[in-house]
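**Student:** Just so you know, the protein sequences line up as chains A and B, in that order.
Take the first sequence: its position 59, counting from 1, is numbered 59 in our numbering, and each next residue is one higher.
Take the second sequence: its position 35, counting from 1, is numbered 121 in our numbering, and each next residue is one higher.
Everything labelled a hint here was simulated from the structure, so no lab data went into it.
Take these hints with a grain of salt, some might be off.
As the list claims (entries may be wrong) - Just the calculated beta-carbon pair ranges, DEER-fashion:
hint, chain 1, residue 1, chain 2, residue 2, range
1, B, SER101, A, ASP30, 46 to 52 angstroms
2, A, GLY11, B, GLU469, 43 to 49 angstroms
3, A, GLN60, B, GLY126, 51 to 57 angstroms
4, A, ARG19, B, SER101, 47 to 53 angstroms
5, A, GLY11, B, GLY199, 44 to 50 angstroms
6, A, LEU4, B, SER194, 33 to 39 angstroms
7, A, HIS77, B, ARG381, 14 to 20 angstroms
8, A, HIS77, B, LEU358, 36 to 42 angstroms
9, B, SER194, A, ARG19, 21 to 27 angstroms
Backbone N, C-alpha and C define an ideal beta-carbon position, used for all residues, glycine too.
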Amino acid sequence: MSYLLTCPVCGKRNGYEFRFGGEERGPRPDEKDLTPQSWLEWAHLRENVGGPQKEWWCHQQGCGLWFTTWRNTLTNHETPPEEGKS
Amino acid sequence: MFAMKRLWNRPTQKSAYDTVIIGGGLHGLAAAYYLARDHGLTDVAVIDRRYIGFGGAGRNTAIVRANQRTQENVHLYNEGLKLWPELTRELDFNLMFYNCGNLNLVHSEAGLGAFRMNVATAQFCGVKSELLDAKGCKEVVPQLDISDRLKFPIYGGMYHPPGGTIRHDALVWGLAKGAAKKGVHILQQTEVMDIGVDKGRVTSVRTDKGVINARRVLIAAGGYSTLLCRMVGILLPIHVLTIQAMVSQPMKPFLHHVVSSGTYHAYCHQSLKGELVTGSHMDPWPNYTTRVTARYIKHQAEALTEMMPCLKGLKFMRIWSGLADMTPDMAPIMDGNTQVENLFYDAGWGYFGFKSAPIAGRYMAKWIATGQRPDILSPFGLERYREARLQGETSTPINYGPWD
Ligand SMILES: Cc1cc2nc3c(=O)[nH]c(=O)nc-3n(C[C@H](O)[C@H](O)[C@H](O)COP(=O)(O)OP(=O)(O)OC[C@H]3O[C@@H](n4cnc5c(N)ncnc54)[C@H](O)[C@@H]3O)c2cc1C
Ligand SMILES: [Zn+2]
Chain A
1 MSYLLTCPVC GKRNGYEFRF GGEERGPRPD EKDLTPQSWL EWAHLRENVG GPQKEWWCHQ
61 QGCGLWFTTW RNTLTNHETP PEEGKS
Chain B
87 MFAMKRLWNR PTQKSAYDTV IIGGGLHGLA AAYYLARDHG LTDVAVIDRR YIGFGGAGRN
147 TAIVRANQRT QENVHLYNEG LKLWPELTRE LDFNLMFYNC GNLNLVHSEA GLGAFRMNVA
207 TAQFCGVKSE LLDAKGCKEV VPQLDISDRL KFPIYGGMYH PPGGTIRHDA LVWGLAKGAA
267 KKGVHILQQT EVMDIGVDKG RVTSVRTDKG VINARRVLIA AGGYSTLLCR MVGILLPIHV
327 LTIQAMVSQP MKPFLHHVVS SGTYHAYCHQ SLKGELVTGS HMDPWPNYTT RVTARYIKHQ
387 AEALTEMMPC LKGLKFMRIW SGLADMTPDM APIMDGNTQV ENLFYDAGWG YFGFKSAPIA
447 GRYMAKWIAT GQRPDILSPF GLERYREARL QGETSTPINY GPWD
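Go ahead and model the full structure; you've got the sequences and the hints to work with.
**Tutor:** Given below as structure tokens:
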């Protein structure tokens, strides 16, 4: 079964129209005081949540919008934010 | 009449083991087998949430090879490749090693240039691997269309005779049988829910069937390793993607090599049952499902019939998917005894961890039993990402996933 995702502009669309943009993980750390550890954490390490997670998507083959949404990684279904609130 | 004989028994879960291995995939079973065989450590449990072989161990396309890009990887995989005949004898189980060789196609001068590096590495490490031009490829696999009719005409290839395929289920059963015979407990349908740590040291695992105390724990849960490592606060540089594979109806033997093309995102080989086994596509968003999509059946049919027009009309029989835990440098992460004392993990094997399972298990067992990290594993620690010493495996396959 194909994965459906809701674009805030275009509505429910086929998941393959979108490009995944990663977990939402806050802003890029300040260059000042950057350590190898803090860079590692930001650049490479991922939460890899099994369950609802807030993440970035781009409607690449549609309107081009970047947006955040909630998805359950165990089911591949969109989750309403109130359910997914962590 | 045949009498039913179990390959491994159903042990009663004890309240404590010296070593607990989480994940009854090939890496976990191999580690257990070698802990018992090489180190006399038999007070070991392999725990699986579902059944052994549920994960990548039973879902892979069974390809083995040792033609990676970097020396560190080639050494490890090459030792692994040499294990098949030995393991078949030792486990007294026919692993059906089919040493048919692998042909990787390229479709541009640049592609051939990249493979030139792989071939140089292989030859330096004493592994047979050579470059072929398009005509040479057709001599190896006569079904290939090397005309310029193709969207991406075949420009050449890398031919690696030592590779081939193994019956993956046989390896699961053989290792389980071998480990159980030496006294290892295989506990199926038992899920690890949490890992106990006291004063920085691992103490136990909590399962849905009770707590098991353990002096040492190895996480070898394939694509699920990220979830288990998270239980003790270890984050990994991994994206867990689903990769799909499929088989066609069976045919008479016609294809005698593994053929692959990174440009077409497709590889295939003919199983000993006659089916064309093919795969390669991943859904580029992390998830822990095993969903399949019609999209890739269509893609696979297009790619394969373009490269090998004789496959037109062939019907697919089955499609399935499994998890591929992808690291940024397409090399695994084998580490332990760092963040948490006596806790080890063997993960990040993406779509290439079948072939390496026995050898990785053997070295992880050595590390766990002796407390000393074997030299061959030292390039694979998690610290390489902090030290910006990523391995160079990305040049070979297409760089899938959200990071490109
Ligand atoms: C479609 C596909 C094709 C592939 N093709 C190839 C190939 O041709 N060549 C190659 O070298 N590699 C290939 N691979 C990759 C290879 O299959 C994996 O890298 C390898 O199987 C992973 O190691 P494993 O066998 O130990 O893990 P798995 O077999 O995935 O074992 C993990 C086990 O852990 C268990 N588990 C998970 N969570 C828990 C928990 N909480 N408690 C207890 N148990 C748990 C699971 O049930 C599972 O049985 C492919 C993978 C896929 C999906
Ligand atoms: Zn849109």
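**Student:** Each hint should be assessed against the structure and marked as holding or not.
**Tutor:** Hints versus structure:
1. B:SER101 - A:ASP30: 46 to 52 angstroms: holds (50 angstroms)
2. A:GLY11 - B:GLU469: 43 to 49 angstroms: holds (46 angstroms)
3. A:GLN60 - B:GLY126: 51 to 57 angstroms: Once the Cβ atoms are compared, 56 angstroms apart, the range 51 to 57 angstroms for GLY126 of chain B and GLN60 of chain A holds.
4. A:ARG19 - B:SER101: 47 to 53 angstroms: holds (49 angstroms)
5. A:GLY11 - B:GLY199: 44 to 50 angstroms: holds (45 angstroms)
6. A:LEU4 - B:SER194: 33 to 39 angstroms: holds (36 angstroms)
7. A:HIS77 - B:ARG381: 14 to 20 angstroms: holds (18 angstroms)
8. A:HIS77 - B:LEU358: 36 to 42 angstroms: Given range 36 to 42 angstroms: holds, Cβ gap about 39 angstroms.
9. B:SER194 - A:ARG19: 21 to 27 angstroms: With a Cβ separation near 25 angstroms, SER194 of chain B and ARG19 of chain A satisfy 21 to 27 angstroms, so the hint holds.
The structure meets every hint from the earlier list without exception.
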